[in-house]
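**Student:** Residues per chain, in single letters:
There are 2 protein chains.
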Amino acid sequence: MGSVDESDKYLLNRHTENHFTAGEIVRDIIIGVSDGLTVPFALAAGLSGANASSSIILTAGIAEVAAGAISMGLGGYLAAKSEADHYDRELRREQEEIDTIPDTEAAEVAEILAEYGVEPHEYGPVVNALRKNPQAWLDFMMKFELGLEKPDPKRALQSALTIAIAYILGGLVPLLPYMFIPVAQKAVVGSVIVTILALLIFGFAKGYFTGNKPVWSALQTALIGAVASAAAFGMAKAVQG
Amino acid sequence: MGSVDESDKYLLNRHTENHFTAGEIVRDIIIGVSDGLTVPFALAAGLSGANASSSIILTAGIAEVAAGAISMGLGGYLAAKSEADHYDRELRREQEEIDTIPDTEAAEVAEILAEYGVEPHEYGPVVNALRKNPQAWLDFMMKFELGLEKPDPKRALQSALTIAIAYILGGLVPLLPYMFIPVAQKAVVGSVIVTILALLIFGFAKGYFTGNKPVWSALQTALIGAVASAAAFGMAKAVQG
Numbered sequence: 001m002g003s004v005d006e007s008d009k010y011l012l013n014r015h016t017e018n019h020f021t022a023g024e025i026v027r028d029i030i031i032g033v034s035d036g037l038t039v040p041f042a043l044a045a046g047l048s049g050a051n052a053s054s055s056i057i058l059t060a061g062i063a064e065v066a067a068g069a070i071s072m073g074l075g076g077y078l079a080a081k082s083e084a085d086h087y088d089r090e091l092r093r094e095q096e097e098i099d100t101i102p103d104t105e106a107a108e109v110a111e112i113l114a115e116y117g118v119e120p121h122e123y124g125p126v127v128n129a130l131r132k133n134p135q136a137w138l139d140f141m142m143k144f145e146l147g148l149e150k151p152d153p154k155r156a157l158q159s160a161l162t163i164a165i166a167y168i169l170g171g172l173v174p175l176l177p178y179m180f181i182p183v184a185q186k187a188v189v190g191s192v193i194v195t196i197l198a199l200l201i202f203g204f205a206k207g208y209f210t211g212n213k214p215v216w217s218a219l220q221t222a223l224i225g226a227v228a229s230a231a232a233f234g235m236a237k238a239v240q241g
Numbered sequence: 001m002g003s004v005d006e007s008d009k010y011l012l013n014r015h016t017e018n019h020f021t022a023g024e025i026v027r028d029i030i031i032g033v034s035d036g037l038t039v040p041f042a043l044a045a046g047l048s049g050a051n052a053s054s055s056i057i058l059t060a061g062i063a064e065v066a067a068g069a070i071s072m073g074l075g076g077y078l079a080a081k082s083e084a085d086h087y088d089r090e091l092r093r094e095q096e097e098i099d100t101i102p103d104t105e106a107a108e109v110a111e112i113l114a115e116y117g118v119e120p121h122e123y124g125p126v127v128n129a130l131r132k133n134p135q136a137w138l139d140f141m142m143k144f145e146l147g148l149e150k151p152d153p154k155r156a157l158q159s160a161l162t163i164a165i166a167y168i169l170g171g172l173v174p175l176l177p178y179m180f181i182p183v184a185q186k187a188v189v190g191s192v193i194v195t196i197l198a199l200l201i202f203g204f205a206k207g208y209f210t211g212n213k214p215v216w217s218a219l220q221t222a223l224i225g226a227v228a229s230a231a232a233f234g235m236a237k238a239v240q241g
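Just so you know, the protein sequences line up as chains D and C, in that order. Read left to right, the first sequence gives residues 1 to 241 (the UniProt record's numbering). Read left to right, the second sequence gives residues 1 to 241 (the UniProt record's numbering).
A hint or two may mislead.
Because identical chains cannot be distinguished in the list, a pair is counted as satisfied if it fits within a single copy or across any two copies.
Stated by the list, open to error - Straight-line distance between alpha carbons at most 27 Å, and here's what the computed BS3-like set of lysine-lysine pairs gives:
#1 154 with 81
#2 186 with 81
#3 143 with 237
#4 81 with 213
#5 81 with 132
#6 132 with 213
#7 237 with 81
#8 186 with 237
#9 186 with 150
#10 143 with 132
#11 143 with 213
#12 237 with 213
#13 154 with 237
#14 186 with 213
#15 150 with 132
#16 150 with 213
#17 132 with 237
#18 237 with 150
#19 186 with 132
#20 143 with 186
#21 81 with 143
#22 213 with 154
#23 132 with 154
Everything labelled a hint here was simulated from the structure, so no lab data went into it.
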């Protein structure tokens, strides 16, 4: 068993990184569109059931899309930033432990490998190899003891913008009919049609990209929209009447 | 270096599991309350700026809370279920690879350890130990190659309910003043006060539980609420006027 060629390793890592980011962008789009297609639709449908005008519905809907995009986007950004801070703090702490209590850290490596039925005489050389390579040792502890990956600093902003824009685009779909049809009870019909279509298509695509059965995913996604709008409809009626 | 005592290992794993679940419940509460305190508040504030009555605002607000709770809750539940399905599929695939192409799998283990500067003669015994223990080998590949943890089947429902309930409780806070004060322009003052307070307190608690500076977290959380409501206010004015 020869050791892995350095340039192969470098290429493999780069490929994994790009694959990783594309997957995260898809995940953020899914998060944004899922809520964006569902909540503004349900809110608008609920309000038309309560006899609000298209004008009020549009006002509420657009205000909700703005608020939701910021809550998810800005909230997601700050959460990613604090995860990055958390990673840095854990990194510094782990480095310090390696520097000041290396025997304890070595015992932790032993413990991790022992969990997999590896005997001391078998994992001993691995532990010693790590002890001689402080950078590798640190990376090993971060990944295998703490399960933390180094966050890409660009990702926080990228993630926030992706989710926010996805939410806005998702939210506009059910609201468009209300922009053109002033009678809400008519506009809602258009909204239901375009939104159910959008939910089915999006759900199908989501299933395809996440490796789940696309037809089942399409139906589930449309179902969430239906249940959410039924609940919004019911609550709006309850508050009004 | 003696091997870890079996009963100690069992206790350690159990402790880690409980710690892991408590952390996830806190995370779900944070997710639910963050959006719940922010979006209904901003929606209501935006609508009062557009001169809607407390009645309409309450209708829209409660409908939005219902829709949001279902979108996040049901959406989160189905997402967790599909993650569990994904894990099961990957588990079966990994098991099959171990059964049919063990040499390739062994090479993957070698590759993982080689990344940390461990030489073949050092990781060789570990690879052989894993090869002799198929269950441990499978667990090792799931965790160290794929980075997947076995999801607890109870967690999907628990997570969904936690997020949904947290969102509802968060959303009711800014809406309560509108239930008691029929003139929206007066109710909004009450809503702003209770919500800013709630955001600060919640943000502080969030910072405390996630190990980030609580005061900074409080301010950030209140800031998101302020920006979201400013955006909702602005959009509502734009649509109305």
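**Student:** Now tell me, hint by hint, if it's right for this structure.
**Tutor:** The hints, checked one at a time:
1. 154 with 81: within (10 Å within a copy, 30 Å between copies)
2. 186 with 81: neither (45 Å within a copy, 37 Å between copies)
3. 143 with 237: Neither. Shortest intra-copy (52 Å) and inter-copy (50 Å) distances fail the 27 Å Cα cut-off.
4. 81 with 213: between (34 Å within a copy, 13 Å between copies)
5. 81 with 132: neither (33 Å within a copy, 43 Å between copies)
6. 132 with 213: Neither, since 48 Å and 36 Å both go past 27 Å.
7. 237 with 81: For residue 237 and residue 81, neither the intra-copy (41 Å) nor the inter-copy (32 Å) Cα distance is at most 27 Å.
8. 186 with 237: both (18 Å within a copy, 24 Å between copies)
9. 186 with 150: neither (51 Å within a copy, 48 Å between copies)
10. 143 with 132: This pair counts as both: shortest intra-copy Cα distance 18 Å, inter-copy 25 Å.
11. 143 with 213: between (32 Å within a copy, 25 Å between copies)
12. 237 with 213: neither (36 Å within a copy, 43 Å between copies)
13. 154 with 237: neither (45 Å within a copy, 34 Å between copies)
14. 186 with 213: neither (34 Å within a copy, 51 Å between copies)
15. 150 with 132: The answer is within: 22 Å in one copy meets 27 Å, while 33 Å across copies does not.
16. 150 with 213: between (32 Å within a copy, 21 Å between copies)
17. 132 with 237: neither (70 Å within a copy, 65 Å between copies)
18. 237 with 150: Result: close neither inside a copy nor across copies, 49 Å intra and 43 Å inter.
19. 186 with 132: So residue 186 and residue 132 fail the 27 Å test inside a copy (73 Å) and across (68 Å) alike.
20. 143 with 186: neither (56 Å within a copy, 53 Å between copies)
21. 81 with 143: Both, since 19 Å and 26 Å are each at most 27 Å.
22. 213 with 154: between (32 Å within a copy, 22 Å between copies)
23. 132 with 154: So residue 132 and residue 154 fail the 27 Å test inside a copy (32 Å) and across (43 Å) alike.
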